[in-house]
Amino acid sequence: MNKTIRRASVFVLLLVLALVIRATWVQFYDGKALADDKNNRRNAIKTYADPLGNIIVAGDSITGSTRTKGGDLAYKRTYKNGELYAAVTGYASQAYAPTQLEGIYQDLLNGTDTRLKTVMDTLTAKRAEPGDVVTAIDPDVQKAAYRALGGKKGGAVAIDPRTGKILAAVSTPSYDPAALTDANTAGTAWKSLNADKDKPLTNRALRQPLPPGSTFKLVVAAAALEEGLYKNVDEPTDSPDPYTLPGTTRVLANENKSAPCKNAPLRDALRYSCNNVFGKLAVDLGQDKVKAMAEKFGFNDDERDVPVRAYASVYPSKMDKAQTALSGIGQFDVTATPLQMAMVSAAIANGGKLVSPHMVSRITDSGGDVLKNYDDDADSEEIVSSSTAEQLRSAMETVVKDGTGTNALIDGATVGGKTGTAQHGENNSKTPYAWFTSYGKSDSNGKEVAVAVMVEQSDAARSEVSGNGLAAPVAKAMMQAALK
1 MNKTIRRASV
11 FVLLLVLALV
21 IRATWVQFYD
31 GKALADDKNN
41 RRNAIKTYAD
51 PLGNIIVAGD
61 SITGSTRTKG
71 GDLAYKRTYK
81 NGELYAAVTG
91 YASQAYAPTQ
101 LEGIYQDLLN
111 GTDTRLKTVM
121 DTLTAKRAEP
131 GDVVTAIDPD
141 VQKAAYRALG
151 GKKGGAVAID
161 PRTGKILAAV
171 STPSYDPAAL
181 TDANTAGTAW
191 KSLNADKDKP
201 LTNRALRQPL
211 PPGSTFKLVV
221 AAAALEEGLY
231 KNVDEPTDSP
241 DPYTLPGTTR
251 VLANENKSAP
261 CKNAPLRDAL
271 RYSCNNVFGK
281 LAVDLGQDKV
291 KAMAEKFGFN
301 DDERDVPVRA
311 YASVYPSKMD
321 KAQTALSGIG
331 QFDVTATPLQ
341 MAMVSAAIAN
351 GGKLVSPHMV
361 SRITDSGGDV
371 LKNYDDDADS
381 EEIVSSSTAE
391 QLRSAMETVV
401 KDGTGTNALI
411 DGATVGGKTG
421 TAQHGENNSK
431 TPYAWFTSYG
441 KSDSNGKEVA
451 VAVMVEQSDA
461 ARSEVSGNGL
471 AAPVAKAMMQ
481 AALK
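The numbers in my numbering rise by one with no breaks, and the one at position 167 of the sequence shown is 167.
Accuracy of the hints is not assured; some may be wrong.
Claimed, not checked - Think about it this way: if two alpha-carbon atoms lie no more than 27 angstroms apart in a straight line, the pair counts; the simulated DSSO-like pairs of lysine-lysine are:
#1 Lys321 to Lys430
#2 Lys372 to Lys430
#3 Lys353 to Lys430
#4 Lys46 to Lys69
#5 Lys197 to Lys143
#6 Lys46 to Lys80
#7 Lys296 to Lys321
#8 Lys321 to Lys257
#9 Lys484 to Lys80
Just so you know, these hints were derived from the structure itself, not from any lab.
Turn these sequences into a full structure, and let the hints steer you where they fit.
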């Protein structure tokens, strides 16, 4: 073989080898990427070739599937009371990526979860029968929250403090997920929902942290008791009124000018929501100790899955003393979701222990066999001592009986709570956020619930915006539904 033929043969061999390598790469690497690509039409065809599994509330499916008319997608998702449960279900759309529980359990609901496969499914490569998601939601509490929020813009969460079950998660204004299910009509609905200034697609219960205002004073009070700054909620504090923010000439004023806030004990400071007390407490404790307590309750956790990933509630760092004082009343850069503030009340109600909040009780296969039980797997953590929790409950009950939270009183139940009216905007120019966080326990059946409500905006005049006026009645309705 002459030199030229030998070189040509080697070159051709290298070309063949390159083709084999490329074909192998495409088949086993690029092929998988293409198969998994969200824009691959075959995935949508496969997903909607058969009815999806369902999301279940109190034994009833709040989702379904219906036959489409024409096209290559045989089925589309349907919803029962879609607006009521949108903050729980999210949507499963032929045009857009699924969200909330629909997104988290997409593989379970479309039958591709490997846990669903039988031996025969594996041998025949057939898609398994889809599974179901059984939620912890109590429909009565969910409906109570939705109705009580009404035309207000806000969010609400209810938790069973003993089990961690999320009994309600409501965001208003809501939307109907069914508007986004059909690929032929979803685009128009998507544009309309995103153009809406009220942002109905935003999950205000779990994923919109805002300044919590005076509800955060519970965290500061917990830190003061745990650190031994004060022995109990009835010991007078060292709290001048007026209190000047350190390093400034600005006075931290109290909303109620006639309230007995000078040197007020924690009980009265919570009862009258004394800014001077909690601003100075935060400075006396120091931001690191307040931050440590906030983080024990769940702040600054950007991996909080319930199982929907909740946005982190924030307690900031690197503040000067004046900013630290403002953080003590839930202002400056402190933010929280209704989920977070419900967790604060839940831990206090449960003797200082926080059980992991979860919206799903279990997931099952098509025959109802449990694949994972979240109720059994829920863990608990001691946030504060039982004695601190008892002191805080006593003070919170005073707030409701004879303080700023009287609109949450319920006959036949023990209720404790804390109001909040959070200022925001340049020079506090915008309408405040109204907050209320609370717990209730039935005197007859022993049922318990912890609740947090945030009203972002309502038709009320600015002078009428308060936690007691706007948020407490919503919390009361939710607690009544949970405790009956």
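Hints and how they fare:
{"no.": "1", "hint": "Lys321 to Lys430", "in the structure": "25 angstroms, holds"}
{"no.": "2", "hint": "Lys372 to Lys430", "in the structure": "46 angstroms, violated"}
{"no.": "3", "hint": "Lys353 to Lys430", "in the structure": "36 angstroms, violated"}
{"no.": "4", "hint": "Lys46 to Lys69", "in the structure": "17 angstroms, holds"}
{"no.": "5", "hint": "Lys197 to Lys143", "in the structure": "25 angstroms, holds"}
{"no.": "6", "hint": "Lys46 to Lys80", "in the structure": "24 angstroms, holds"}
{"no.": "7", "hint": "Lys296 to Lys321", "in the structure": "22 angstroms, holds"}
{"no.": "8", "hint": "Lys321 to Lys257", "in the structure": "24 angstroms, holds"}
{"no.": "9", "hint": "Lys484 to Lys80", "in the structure": "25 angstroms, holds"}
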